[in-house]
Amino acid sequence: MTQIDERAALKKFLNYLLLIVLAIIILAPFFIGIWTSFLPTMDIAKGNLFSTNISFDNYVAAFTKTPILRYLLNTLVISTITMIAQLIFCSMSAYAFVFLKFKYRKTIFTLFLITMMLPFEAEIIPNFATVKQMGLLDNYAVLIVPFLTSAFGTFMLRQSFMQTPIELKEASDIEGLNHFQFYWNIVLPYNKISMITLGAYSFLGSWNQYLWPMLTTFSNNSRMIQNGLKQLQSEETFNDWGMIQASAAIIVIPTIIVLFIGQHYFKSGMNEGAVK
Amino acid sequence: MSTILTNVSKSYDSDKTVLNDVTAEIQTGEFFVIVGPSGCGKSTLLRMIAGLTSISEGEIHIDGQLVNDLPPKDRNLTMVFQSYALFPFLSVWDNVAFGLKARKSTSQSEIEERVNEALKMVNLEELKDRKPRELSGGQRQRVALARAVASDAKICLMDEPLSNLDAQLRIKMRQEIYALQRKLGLTLIYVTHDQVEAMTMADHIMVLHDSQVQQIGTPTEIYKHPANEFVASFFGVPPINLLPATKINDQTIKVNDDFEMSINQQVPESEFQVGIRPNELMLEKVDELTANATVKSVEFLGDEKIVYAKMAHNDLEIAAIVASDAEFKAYDTILVSATEKVLLFNHEGVNITQMEAVVNA
Chain X
1 MTQIDERAAL KKFLNYLLLI VLAIIILAPF FIGIWTSFLP TMDIAKGNLF
51 STNISFDNYV AAFTKTPILR YLLNTLVIST ITMIAQLIFC SMSAYAFVFL
101 KFKYRKTIFT LFLITMMLPF EAEIIPNFAT VKQMGLLDNY AVLIVPFLTS
151 AFGTFMLRQS FMQTPIELKE ASDIEGLNHF QFYWNIVLPY NKISMITLGA
201 YSFLGSWNQY LWPMLTTFSN NSRMIQNGLK QLQSEETFND WGMIQASAAI
251 IVIPTIIVLF IGQHYFKSGM NEGAVK
Chain R
1 MSTILTNVSK SYDSDKTVLN DVTAEIQTGE FFVIVGPSGC GKSTLLRMIA
51 GLTSISEGEI HIDGQLVNDL PPKDRNLTMV FQSYALFPFL SVWDNVAFGL
101 KARKSTSQSE IEERVNEALK MVNLEELKDR KPRELSGGQR QRVALARAVA
151 SDAKICLMDE PLSNLDAQLR IKMRQEIYAL QRKLGLTLIY VTHDQVEAMT
201 MADHIMVLHD SQVQQIGTPT EIYKHPANEF VASFFGVPPI NLLPATKIND
251 QTIKVNDDFE MSINQQVPES EFQVGIRPNE LMLEKVDELT ANATVKSVEF
301 LGDEKIVYAK MAHNDLEIAA IVASDAEFKA YDTILVSATE KVLLFNHEGV
351 NITQMEAVVN A
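So the sequences go chain by chain: X and R.
Residue numbering for the first sequence follows full-length UniProt numbering, starting at 1 and increasing by one per position.
Residue numbering for the second sequence follows full-length UniProt numbering, starting at 1 and increasing by one per position.
These are computed hints drawn from the structure, not numbers from a lab.
Being a predicted model, the structure only gives us computed values, none of them experimental.
Heads up, a few of these hints could be off.
[Unchecked claim] The list that follows gives simulated cross-link-like pairs (lysine-lysine, DSS-like), each with its CA atoms no further than 25 Å apart:
id, chain 1, residue 1, chain 2, residue 2
1, X, 169, R, 296
2, R, 247, R, 310
3, R, 172, R, 154
4, X, 101, R, 285
5, X, 192, R, 101
6, X, 65, X, 230
7, R, 254, X, 169
8, R, 128, R, 183
9, X, 103, R, 16
10, R, 131, X, 192
11, X, 169, R, 285
12, R, 310, R, 296
13, R, 16, X, 192
14, R, 224, R, 183
15, X, 169, R, 104
16, R, 341, R, 224
17, R, 341, X, 169
18, X, 106, R, 296
19, R, 104, R, 224
20, X, 101, R, 172
21, R, 310, R, 285
22, X, 46, X, 65
23, R, 254, R, 183
24, R, 247, X, 169
25, R, 296, R, 247
26, R, 172, R, 73
[Stated by the list, open to error] Between beta-carbon pairs, the in silico distance windows are:
id, chain 1, residue 1, chain 2, residue 2, range
27, R, 28, X, 106, 32 to 38 Å
28, R, 13, X, 148, 39 to 45 Å
29, X, 16, R, 129, 48 to 54 Å
30, X, 261, R, 107, 20 to 26 Å
Where is the CB? At the ideal position from N, CA and C, for every residue including glycine.
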């Protein structure tokens, strides 16, 4: 009996040991990054990571000496608009694919899926040519218009909407709800979790964009944050690593907030009790 | 002012017929039960009345109006689903109010009055702020009922509303639904596969089988004068015993080569099936030589016992209800006989019993 207990305890100990080691490996760079953002650049350059000269100087410098606030604002506006647009358009097209019966529904959906399989990088040259023709370069529009909807979002919401019990649709039909009322009053609340997931996904996707804004924006007026961060490295004659580190921390914070808010909703059992 | 189905049929594609030529009249204010085994098309028929499924052929009239092409909302009916179809993100109160709010024809104060009244009627007043997931199965069922009660529609459709509940709750809800229907004077069209529900609640029963209407009648008619073998065996627990029989003379028939019995009617055919309800069978413990059956098992039900026995010929099994103090046990040899209250079916399964013979018996 005791032998088994000891074995179980040892197994538990080893499990936790493994988890702790993995956690350290994954989290260490992150914490080192945050820590160095509080250190003077001189200490970082000397490799003196255990310095005690910690202060918020780097953060003050990031906000006062660089256009990071402008980048943040640009990115926040673009990410928010992209997120809202994707939620609206993806959910509407997903609704059509699930609840409306029309000719060639499957074919059109397959076309949607095909566009999803093509990586964005592969479309980047024709897309660039298009937006250039339209005169959208270096403008908010060029960062928003191509991302107003996404095949992945449609696909994800379609799968989710298909889980909506058909009885809810029938009950709504009997009460005389039209398609928009059913979509707005029943389907969206019922699939709240998927909507939040897609919202977080598209917000973060937009926030972390790098290649497309690098190609299409040239001025601080429309530059997005990730490109701005890169800009800090070359703009300075010597790299002020402490300040760059502080900027990186500032950039990361909103994404962490989004994840935490999202996580709050990823609780299972939200829809229990609809049927059965 | 009634619901009339005329030659209604439903087929998917060209070859698969789900319902064939259903004709019926459902009176206003009656409890009409559509019953049949799974896959007989009963839910499809209900959905056609509701307007959720299109009608392939035939006509449905509600209150004198042809509704074939009318959308569900214009048919002025409500529906209670097997799975309840509650909205998980709405409270009980909002779930009940949902239909009234959607129709927009009712004023806010009237909605409140109706919803509170409906919740009171199903004893859910205290739970009105809860979400469906915080309710038990029976309470969810009540919310679904309250939704139908709150509506001003005079026709209510129910699709196996009790099949997700446990046995005791089912009996309780059965009585509540029946009481509600009587109190509100609803025309209730109720689909079930449970013959007990059909027998206990219905004013009229429609028996569906193989996409066809087998019989429409009151519970008594259906039980006493089943149209055919299927209807006879569908109603009654344990089911009716169907045994082959031959005619000996006008007064006597021989059942399954095992026993002779006298009957008080003319039998038009020489070979036929005889249906004997379990409580019309008489069992007697005898020695092996005179016996015509062997007991297989005995179920004790309190005030009676069900004896399952195997007949000497044709490997047929019968079930008989005997008094609970009767002493039978497995492997007992017994002599089976029957009273004169039997049903006769021809080789096509159609009931050929003479009506008055049964009534007088």
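Right, here's what the structure says about each hint:
1. 169/X to 296/R: This hinted pair is violated, its Cα atoms lying about 51 Å apart.
2. 247/R to 310/R: At roughly 22 Å apart (the allowed maximum being 25 Å), residue 310/R and residue 247/R satisfy the hint.
3. 172/R to 154/R: Distance ~24 Å between residue 172/R and residue 154/R Cα, so the pair holds.
4. 101/X to 285/R: violated, 67 Å
5. 192/X to 101/R: holds, 22 Å
6. 65/X to 230/X: This hinted pair holds, its Cα atoms lying about 15 Å apart.
7. 254/R to 169/X: Not satisfied, since the Cα-Cα distance of roughly 58 Å exceeds 25 Å.
8. 128/R to 183/R: holds, 22 Å
9. 103/X to 16/R: holds, 23 Å
10. 131/R to 192/X: Measuring from Cα to Cα gives roughly 16 Å; hence the hint holds.
11. 169/X to 285/R: violated, 61 Å
12. 310/R to 296/R: It holds: about 7 Å lies between the C-alpha atoms, which stays within 25 Å.
13. 16/R to 192/X: Roughly 39 Å between the alpha carbons, so the hint for residue 16/R and residue 192/X is violated.
14. 224/R to 183/R: With Cα atoms ~29 Å apart, residue 224/R and residue 183/R exceed 25 Å; violated.
15. 169/X to 104/R: OK: residue 169/X and residue 104/R at ~19 Å, within 25 Å.
16. 341/R to 224/R: Within the cut-off at roughly 10 Å; holds.
17. 341/R to 169/X: At roughly 50 Å apart (the allowed maximum being 25 Å), residue 169/X and residue 341/R break the hint.
18. 106/X to 296/R: violated, 58 Å
19. 104/R to 224/R: At roughly 48 Å apart (the allowed maximum being 25 Å), residue 224/R and residue 104/R break the hint.
20. 101/X to 172/R: violated, 41 Å
21. 310/R to 285/R: holds, 14 Å
22. 46/X to 65/X: Given pair residue 46/X, residue 65/X holds - Cα atoms ~23 Å apart, limit 25 Å.
23. 254/R to 183/R: Given pair residue 254/R, residue 183/R is violated - Cα atoms ~51 Å apart, limit 25 Å.
24. 247/R to 169/X: Violated, at about 58 Å.
25. 296/R to 247/R: violated, 29 Å
26. 172/R to 73/R: violated, 31 Å
27. 28/R to 106/X: 32 to 38 Å: violated, 45 Å
28. 13/R to 148/X: 39 to 45 Å: Because 40 Å falls inside the window, the suggested range holds.
29. 16/X to 129/R: 48 to 54 Å: violated, 43 Å
30. 261/X to 107/R: 20 to 26 Å: violated, 39 Å
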